[in-house]
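Trainee: From first to last, the protein sequence lines are chains A and B.
Counting in my numbering, the first sequence runs from 1 upward without gaps.
Counting in my numbering, the second sequence runs from 1 upward without gaps.
It is possible that part of the hints are untrue.
[Stated by the list, open to error] Label-pair distances were calculated between CB atoms; the ranges are:
| hint | chain 1 | residue 1 | chain 2 | residue 2 | range |
| --- | --- | --- | --- | --- | --- |
| 1 | B | 99 | A | 339 | 24 to 34 angstroms |
| 2 | A | 2 | B | 56 | 35 to 45 angstroms |
| 3 | A | 104 | B | 22 | 38 to 48 angstroms |
| 4 | B | 158 | A | 22 | 28 to 38 angstroms |
| 5 | A | 327 | B | 22 | 51 to 61 angstroms |
| 6 | A | 47 | B | 158 | 25 to 35 angstroms |
| 7 | B | 139 | A | 332 | 13 to 23 angstroms |
| 8 | B | 189 | A | 167 | 40 to 50 angstroms |
| 9 | A | 167 | B | 26 | 39 to 49 angstroms |
| 10 | B | 141 | A | 83 | 27 to 37 angstroms |
| 11 | A | 304 | B | 189 | 46 to 56 angstroms |
No wet-lab data here; the hints were simulated from the structure.
Because the structure is a prediction, the values reported are computed rather than measured.
We put the CB at the ideal spot given by N, CA and C, even for glycine.
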Amino acid sequence: MTPERWQRINEMFHAALVLDGQERSAFLVAHSAGDDVLRAKVAALLASHDQAEGFIQGSVFGDAAQLLVEDEAQAMIGQHIGLYKITREIGRGGMGTVYLATRDDDQYEKQVAIKVVRRGMDTDLVLARFRNERQILAGFDHPNIARLFDGGSTETGLPYFIMEYIEGQAIDEFCDTERLSTSARLELFRTVCSAVQYAHQNLVIHRDIKPSNILVTAAGVPKLLDFGIAKLLHAEASRGAATTAMVQRLMTPEYASPEQVRGEHVTTVSDVYSLGVLLYELLSGHSPYHFKTLLDQDIVQVISDSEPEKPSTVINRIEEVTTGGRKGKKLTPESVSKTRDGRPEKLRRKLAGDLDNIVLSQCGKSRPAGTLPSGNSLKTFADTWTVCRLWRAKRRSPTAQRSSSGETLWRSLRPQS
Amino acid sequence: MLDPAPTGVTQLLVNWSNGDKAALDEMLPLVYQELRRIAVNRLRRENPNHTLQPTALVNEAYLRLIDQRDVNWQNRAQFFGLAAEMMRRILVNHALHRQAAKRGGGALRVSLEVAVNSFEQKDVNLVALDEALKNLATIDPRQCRIVEMKFFGGLTVAEIAEVLQVSSDTIERDWKMARAWLHLEISNR
């Protein structure tokens, strides 16, 4: 394109921009002097201008600066933290970067995962909190909870945590890869609940339960990661001073309870809620909540007000997973049941009734209020387990009275709140 | 404490503006290091929710690297343009890596999920934008620079006007056209 022609296009574009539809067309015809290519080009640009709302508005400078800063993380490879040498990066997210590190001598853990907290946190504050919680967290001894060994700050002043290195797959992916049946999924979920219960008995809330924080080893053992870490990084969130934006940064909204997204007091019941969302997804493959946008008010509204569809009917939907490790996966009745119990009708029958009720009582609107003392949340767990166990027993024994009905069983176990 | 600024950047900037392409290659890593150091330091000492002010950040790098007695406003404009271009490269490279990583797939996930970068939420395909900008640069280099400084460099219209020494109205007009043109170009791909 010649500079003159470009100049001409610019002039016509700006002159026509202030005109409305009809006037605009007339103007273009009058000023293009029969040059239809010119007229079409300017018209296309004007239309594009009108459609470009939001396009490259704002700036991505912050993202670039963040990448600049994170480049520092790359420089960590080969460095020493304590007695461990960082060998490679194994994950990155909102809170920081996780590295695999090895120890040269013959002391206990040869390989560990080291989480280096991203720049921007107040190192002193994080470490002070860590010292407070250290006894409890380091004392955790449960086969399904990844151990936390130590914490400190790097030479450049970033807080870090040394944790047990778990090689495994996120629980949702594991279940799908292994094509676990509904019963097997419930069994795995029960094990996860026992780990959470153990932590709750020790007065530690996880605050960020989601599939990527629950890895399943090749031997099929689930391991919960990051217990207590969220609180060390964001004590504000537990004092009720968190903004929604802040909660969003530290949590995945899909699994955050209503009280968490509203920045209110977080209790053990919040973990139970996240477990409910997890169970919903493990059983049905679908998410209970869907966000149109990631704007604060939308998230709060969806999580606070909408009631999820029953797992047994949601499996009929055809949709795409929009977040997490399974992002982009197409869900159809056939695809979700194929990795579970065979045909859609069979899966639907398994989910209908008891399981629908259990799941929705944990992550739907009828869930126990977020202010219940922890004893009650544990009771809710126990109930869930009991129902699961009875449900399993019922399935196993063909003579069992299937019609003796989940509904009654469910009512009798439901917490009186 | 900041380390002492590397010397010689002023001369490189002047040489580059006089057409010495090699000077640019020599200067880029120095400016990159400096921007990184300032970004890290600012994020370290300021509160966690602090967002970096682009102009202040680039200006600090400029003041530290460049001896003001030996340069003119064109040199300053070039420096700001350079910083914006650097941000563009960083982001586009990152986007390309992410695309490649997605195609590779199968990476083991650990406790952290790859953060959803906010520019993805802004629904801009950076790789496509970068291609379109390359085309725009051949037609109208100034419009390309304005987009670079505004979108990647985070400068306001007034700041860009000051850097380029033209009126804000001119920047606004160029910006509107560039935006419409890029949007059309990307839609037609």
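Trainee: Indicate, hint by hint, whether the structure satisfies it.
Mentor: Hints versus structure:
At roughly 27 angstroms, the beta-carbon separation of residue 99/B and residue 339/A lies within the given 24 to 34 angstroms, and the hint holds. In this structure the supplied range 35 to 45 angstroms holds for residue 2/A paired with residue 56/B, their Cβ-Cβ distance being about 41 angstroms. A beta carbon spacing of about 44 angstroms between residue 104/A and residue 22/B agrees with the range 38 to 48 angstroms that was offered as a hint. At about 35 angstroms, the beta-carbon gap between residue 158/B and residue 22/A stays in the expected band of 28 to 38 angstroms.
Remark: the range hint 51 to 61 angstroms for residue 327/A to residue 22/B is contradicted by a beta-carbon distance near 44 angstroms. A hinted range of 25 to 35 angstroms holds for the C-beta pair residue 47/A and residue 158/B, which are about 29 angstroms apart. The hint said 13 to 23 angstroms for the Cβ distance between residue 139/B and residue 332/A, and at roughly 46 angstroms that hint is violated. Range check, residue 189/B to residue 167/A: Cβ separation about 41 angstroms, and the 40 to 50 angstroms hint holds.
Taking 39 to 49 angstroms as the suggested C-beta distance range, the pair residue 167/A and residue 26/B conforms, at roughly 45 angstroms. The supplied range of 27 to 37 angstroms is broken by residue 141/B and residue 83/A, whose beta-carbon atoms lie about 55 angstroms from each other. A hinted range of 46 to 56 angstroms is violated for the C-beta pair residue 304/A and residue 189/B, which are about 40 angstroms apart.
Checked against the numbered hints given earlier, the structure breaks hints 5, 7, 10 and 11 and satisfies all the rest.
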